[in-house]
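4 protein chains.
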Amino acid sequence: MLAEFSIVPVGSGSSIGTRLAEVLDIVDSSGIPYKINPMGTVVEGEWDDIMKLIKKCHKTVMKSEERAVTTITIDDRKGKPNRIEEKVKSIEKRLGKSLKK
Amino acid sequence: MLAEFSIVPVGSGSSIGTRLAEVLDIVDSSGIPYKINPMGTVVEGEWDDIMKLIKKCHKTVMKSEERAVTTITIDDRKGKPNRIEEKVKSIEKRLGKSLKK
Amino acid sequence: MLAEFSIVPVGSGSSIGTRLAEVLDIVDSSGIPYKINPMGTVVEGEWDDIMKLIKKCHKTVMKSEERAVTTITIDDRKGKPNRIEEKVKSIEKRLGKSLKK
Amino acid sequence: MLAEFSIVPVGSGSSIGTRLAEVLDIVDSSGIPYKINPMGTVVEGEWDDIMKLIKKCHKTVMKSEERAVTTITIDDRKGKPNRIEEKVKSIEKRLGKSLKK
Chain G
1 MLAEFSIVPV GSGSSIGTRL AEVLDIVDSS GIPYKINPMG TVVEGEWDDI
51 MKLIKKCHKT VMKSEERAVT TITIDDRKGK PNRIEEKVKS IEKRLGKSLK
101 K
Chain D
1 MLAEFSIVPV GSGSSIGTRL AEVLDIVDSS GIPYKINPMG TVVEGEWDDI
51 MKLIKKCHKT VMKSEERAVT TITIDDRKGK PNRIEEKVKS IEKRLGKSLK
101 K
Chain H
1 MLAEFSIVPV GSGSSIGTRL AEVLDIVDSS GIPYKINPMG TVVEGEWDDI
51 MKLIKKCHKT VMKSEERAVT TITIDDRKGK PNRIEEKVKS IEKRLGKSLK
101 K
Chain V
1 MLAEFSIVPV GSGSSIGTRL AEVLDIVDSS GIPYKINPMG TVVEGEWDDI
51 MKLIKKCHKT VMKSEERAVT TITIDDRKGK PNRIEEKVKS IEKRLGKSLK
101 K
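Protein chains in written order, with this note's numbering: chain G, 1 to 101; chain D, 1 to 101; chain H, 1 to 101; chain V, 1 to 101.
Next comes chain G alone, as it looks inside the complex (with noise of 0.2 Å):
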């Protein structure tokens, strides 16, 4: 399945940064396929697995704040590997053209 997820500390002001830059490392090392956009972080994998990780980052998070606002979006479709790459290649091969990324 893939994933989507943010983790906003609330009420930590410039510290913010910080801590996207310790999650980022953690997923980056964890070895599950992902992507980074400037919303969010896309992952793809078992539900475990990935509940596993955002669950390490968020709980990171809270180590140095107070609260922090987690959103996780699950798009789970039976049979369908890698879609991590081929989503928005198979957009991109109805509309006969390449689109930002």
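Don't read these hints as lab results, they were simulated from the structure. Some clues are possibly wrong.
To be verified - Quick list of in silico lysine-lysine cross-link-like pairs, BS3-like style, CA-CA up to 30 Å: (1) H/LYS89 with V/LYS59; (2) G/LYS97 with V/LYS78; (3) D/LYS63 with D/LYS78.
To be verified - Simulated DEER-style distance windows between Cβ atoms: (4) G/ILE26 with D/GLY17: 17 to 27 Å; (5) D/LYS52 with H/LYS100: 36 to 46 Å; (6) G/LYS100 with V/GLU92: 43 to 53 Å; (7) H/GLU86 with V/GLU92: 24 to 34 Å; (8) G/SER29 with H/LYS52: 19 to 29 Å; (9) H/GLU85 with D/LYS89: 20 to 30 Å.
Beta carbons are placed, not taken as given, at the ideal position from N, Cα and C, and that holds for glycine.
With chain G held as given, fit chains D, H and V onto it using these hints.
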């Protein structure tokens, strides 16, 4: 922590109501504090208990559907229990009037 | 259509409750049907009316804050009025029992 | 401000790809800075321009569908232009390494 989740079966047409009834039956039987609203279900508890419940709901929907989009929003705040009851009351107290629920 | 929205002031620390009270006061005075829950506010109406209300709420928060994250989820279904009341009732009818609200 | 949005046609089965191609064609022709990822589209601009674009996309989908769920997440930060390019770069600079995009 507080979490709101919703599960949208995609491509199933008229059977959405059946799926949502299955999901709410699981939530209502779980023993976890919850409140249903027209757009989702709010639950309160520890990370693992909440994610186990949402996984069960999501997997139940995927037994009957080819695809589902599940959204989870977590509001985690240190040292604040029973927010499922207190959060709205606290805003009403500030406003000095009761709100529609 | 139905829409749920929530506004999270980022970096403001303890003033979040003040901001949310301002927002809910705007919603309650708007005349638009709404229901508040512990994670957000559900409203029902036409696209332009709903977006005008959410913009007003968001801009009010931004008067006092440097940053805010606003999330909007829209569930638009043709020919279904009064879903803010009927959606939960319809699930309860299917289940044959009442749910916590 | 930055905003990510996604539109999920519900109950349409296999035609989802067609709808998403229509939506991305509208976005690509709009002139608004955007980046597509496997879970949504990130755009940058003023509130009214962004909401006008998302409304056009949503209404286009509703021409062919009975129901759609549209999610919008706004990250509004005072005095920070070109975040669609700079936000990821800023995290990479903190980490001292490049991330997958």
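Quiz item: For this structure, which hints from the list above don't hold up?
Solution: 2, 3, 4, 5, 6, 7, 8
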